[in-house]
Amino acid sequence: MTEDIKTRMIKVYIMGREYEVPEGLTIMKAMEYAGYRFIRGAGCRAGFCGACGTIFRKKDEYKFRTALACQTPAEDGMYLTELPFVPANKAEYELEELTSEPSIIVSLYPEIARCVSCNTCTKACPQDLQVMDYIQASLRGDINQAAELSFDCLQCGLCAARCPADIVHYHVGQLARRVYGKYVLPRSQHLKERNDEIKAGAFDQEMEKLTAMGLEQLKKLYTERDIEK
Amino acid sequence: MKIPYYPGCTLKTTAKPFEDTTKAVSEVLGIELLEMPRWNCCGTVYSLASDDLMHQLAPIRNLIRVQDMGYDRVTTLCSMCYNTLEQANQLVKGDPEKLEKMNSFMDQEKDYTGGVTVVHYLTLLKEMGFDSLPVKNPLKGLTVVPYYGCLLLRPEEISIDNPERPTIMAELLAALGATVVDHPYKLECCGSYHTVDYKEVVCEKTYHILSSARKRGAEAVVLSCPLCEFNLDFRQKDLEQELAPMPILYFSQLLAVSLGLFDALGFDQHYVDPEPLLKEKGLLR
Amino acid sequence: MIPKISKETTLLDKTEELSGEKIFSCHKCGKCSAGCPVGTLMDVRPHQVIELVQANDWSVLESRTIWLCASCFQCATRCPKDVDLTRVMEALRLLVLRENFDHIRISEISKEELRELPPVALVSNFRKCTG
Numbered sequence: 001m002t003e004d005i006k007t008r009m010i011k012v013y014i015m016g017r018e019y020e021v022p023e024g025l026t027i028m029k030a031m032e033y034a035g036y037r038f039i040r041g042a043g044c045r046a047g048f049c050g051a052c053g054t055i056f057r058k059k060d061e062y063k064f065r066t067a068l069a070c071q072t073p074a075e076d077g078m079y080l081t082e083l084p085f086v087p088a089n090k091a092e093y094e095l096e097e098l099t100s101e102p103s104i105i106v107s108l109y110p111e112i113a114r115c116v117s118c119n120t121c122t123k124a125c126p127q128d129l130q131v132m133d134y135i136q137a138s139l140r141g142d143i144n145q146a147a148e149l150s151f152d153c154l155q156c157g158l159c160a161a162r163c164p165a166d167i168v169h170y171h172v173g174q175l176a177r178r179v180y181g182k183y184v185l186p187r188s189q190h191l192k193e194r195n196d197e198i199k200a201g202a203f204d205q206e207m208e209k210l211t212a213m214g215l216e217q218l219k220k221l222y223t224e225r226d227i228e229k
Numbered sequence: 001m002k003i004p005y006y007p008g009c010t011l012k013t014t015a016k017p018f019e020d021t022t023k024a025v026s027e028v029l030g031i032e033l034l035e036m037p038r039w040n041c042c043g044t045v046y047s048l049a050s051d052d053l054m055h056q057l058a059p060i061r062n063l064i065r066v067q068d069m070g071y072d073r074v075t076t077l078c079s080m081c082y083n084t085l086e087q088a089n090q091l092v093k094g095d096p097e098k099l100e101k102m103n104s105f106m107d108q109e110k111d112y113t114g115g116v117t118v119v120h121y122l123t124l125l126k127e128m129g130f131d132s133l134p135v136k137n138p139l140k141g142l143t144v145v146p147y148y149g150c151l152l153l154r155p156e157e158i159s160i161d162n163p164e165r166p167t168i169m170a171e172l173l174a175a176l177g178a179t180v181v182d183h184p185y186k187l188e189c190c191g192s193y194h195t196v197d198y199k200e201v202v203c204e205k206t207y208h209i210l211s212s213a214r215k216r217g218a219e220a221v222v223l224s225c226p227l228c229e230f231n232l233d234f235r236q237k238d239l240e241q242e243l244a245p246m247p248i249l250y251f252s253q254l255l256a257v258s259l260g261l262f263d264a265l266g267f268d269q270h271y272v273d274p275e276p277l278l279k280e281k282g283l284l285r
Numbered sequence: 001m002i003p004k005i006s007k008e009t010t011l012l013d014k015t016e017e018l019s020g021e022k023i024f025s026c027h028k029c030g031k032c033s034a035g036c037p038v039g040t041l042m043d044v045r046p047h048q049v050i051e052l053v054q055a056n057d058w059s060v061l062e063s064r065t066i067w068l069c070a071s072c073f074q075c076a077t078r079c080p081k082d083v084d085l086t087r088v089m090e091a092l093r094l095l096v097l098r099e100n101f102d103h104i105r106i107s108e109i110s111k112e113e114l115r116e117l118p119p120v121a122l123v124s125n126f127r128k129c130t131g
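Residue numbers (our numbering), protein chains in the order written: chain A, 1 to 229; chain B, 1 to 285; chain C, 1 to 131.
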């Protein structure tokens, strides 16, 4: 290794202990570099699965920060650790037996009525969701808004870890989206029509023709297909 | 007149008729209610502890949103929202140190400057003058009692009227053509949130309030609080004592009837249906 | 329950600190008890609550009274000595709730009731009865 490409090392404190790690690594990689091996708290490593919720403080800053370890660069002087799991009770329900009436969410997660609107959940969210607003929407029975505002939730649980009112936001959002999908969102008319056509056998002949074709013939058909603009 | 409108959670759920009728009435009266695009539950009960700022965040955050809309007044319908928002407002207006602490905690919001006033919708109507209401369908022959409950009138600092001898709702109802009778329990607490944990207490209060109103000749009770409405209306089904069903109405519902607005009355959301009474009086079309 | 804080301070001091009220201003006229809408259902009457706080008697925290008070401000409005008993009651509840103690169990409220109750009832109840 030549001098000019030598990586700069930074100091991080993992669970209080000092380590030297190369600059530019994510928090997750920095911990692995330091010798930790993840059995829990690591998943897709691409910011989609929400398994690697992490809590840290930066040098010379009072703020308690939260992020996904796989998406956040380690910085010099950081105090950090990962959260393998955030305990959160999940309401039991049969989606088939629910309705979209305004009280449905609060009847399964009544503790959302304890929200003090401190907004700590919103600040904790690595997806930059308006978490407090979707809890508030749930409380007032606005299922559409609760579902829409929580749509990009990864279920990392950092909101629930930070809440002074002991709310499990991410389960609440998930319920809102389920109720929204099942009872609020209009059913696609086209899908229904097409399903009926299929059931009535409108495409049977064509399918038989396709299944009888050889691989080369299928490939040719595929490459020459009409593409809708 | 344009004024921001803070709905409150219950106006979007069990008290929807309160909101719907107020919106219909406002349109006729030329009050343009600008529903706040973003708001949170006010907390419903004002926190009374001297060291507790956490529970003041919810009301103050809403006042910041009013400020963001560029207005210095906000109106609300629910007595509890009115009370909580205005008590918190007065707290921070009189205590710059607490305001500063809360502003610095709510670091994602602009600072609240204390420049907003919370106005109950009844006060707005009074400002316009009850006599100027374009009553088309006077509530002739209907005998009602106004029920104020607690939080429109107490504590005194936020009272919309004389806290011991209020007349605001009686004046409104008289202007609508109703016969208004007084009753001794008009200020009495209905048991409030004990409807969750001491239901029997609420039932006892409901029985006393309604039987007293009945003795005075009232055919319906008129109020402004969604929790009072729930307790006085829905708890009638849990009463142990005999009591002929007493319709409970929001003042805005009777206002809508008197202005000839019959589309959004929402009587189907009540436990005791007020429709037969109003039909009997020839007030519905 | 007697809170841990009882080892460090007196009930009178802590109540005055949390409520901001001067407990000895009370001259025991009884108007608070006379006007209280739930006074007859209480085990300790409102004016007696003041007496117990004056006497530093922590057992007042075990009364049904402090939970029955629903902060209607009737006593506060009528007190000739400007002692806001509503705030005193809140202070006493908080002495219990701040021990991470809930007066009600949210999980015991039935789903049917939760579907019927308006949000305003739940929010206010949980604010007053859970820590």
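No wet-lab data here; the hints were simulated from the structure.
Glycine is no exception: its CB is placed at the ideal position from the N, C-alpha and C atoms.
Treat the hints with care, since some could be wrong.
[To be verified] Derived lysine-lysine pairs resembling BS3-like cross-links, with alpha carbons at most 27 angstroms apart: (1) C/Lys81 x B/Lys93; (2) C/Lys81 x B/Lys101; (3) B/Lys136 x B/Lys237; (4) C/Lys31 x A/Lys182; (5) B/Lys98 x C/Lys22; (6) C/Lys111 x B/Lys199; (7) C/Lys22 x B/Lys237.
[As the list claims (entries may be wrong)] With beta-carbon atoms standing in for the labels, derived distance ranges: (8) B/Gly260 x C/Phe101: 52 to 62 angstroms; (9) C/Glu51 x A/Ser100: 47 to 57 angstroms; (10) B/Leu284 x A/Glu94: 52 to 62 angstroms.
Checked hints:
1. C/Lys81 x B/Lys93: Roughly 25 angstroms between the alpha carbons, so the hint for C/Lys81 and B/Lys93 holds.
2. C/Lys81 x B/Lys101: violated, 32 angstroms
3. B/Lys136 x B/Lys237: violated, 35 angstroms
4. C/Lys31 x A/Lys182: violated, 56 angstroms
5. B/Lys98 x C/Lys22: holds, 21 angstroms
6. C/Lys111 x B/Lys199: The hint holds at about 16 angstroms.
7. C/Lys22 x B/Lys237: violated, 43 angstroms
8. B/Gly260 x C/Phe101: 52 to 62 angstroms: holds, 54 angstroms
9. C/Glu51 x A/Ser100: 47 to 57 angstroms: holds, 53 angstroms
10. B/Leu284 x A/Glu94: 52 to 62 angstroms: violated, 41 angstroms
The structure shown violates the earlier hints numbered 2, 3, 4, 7, 10.
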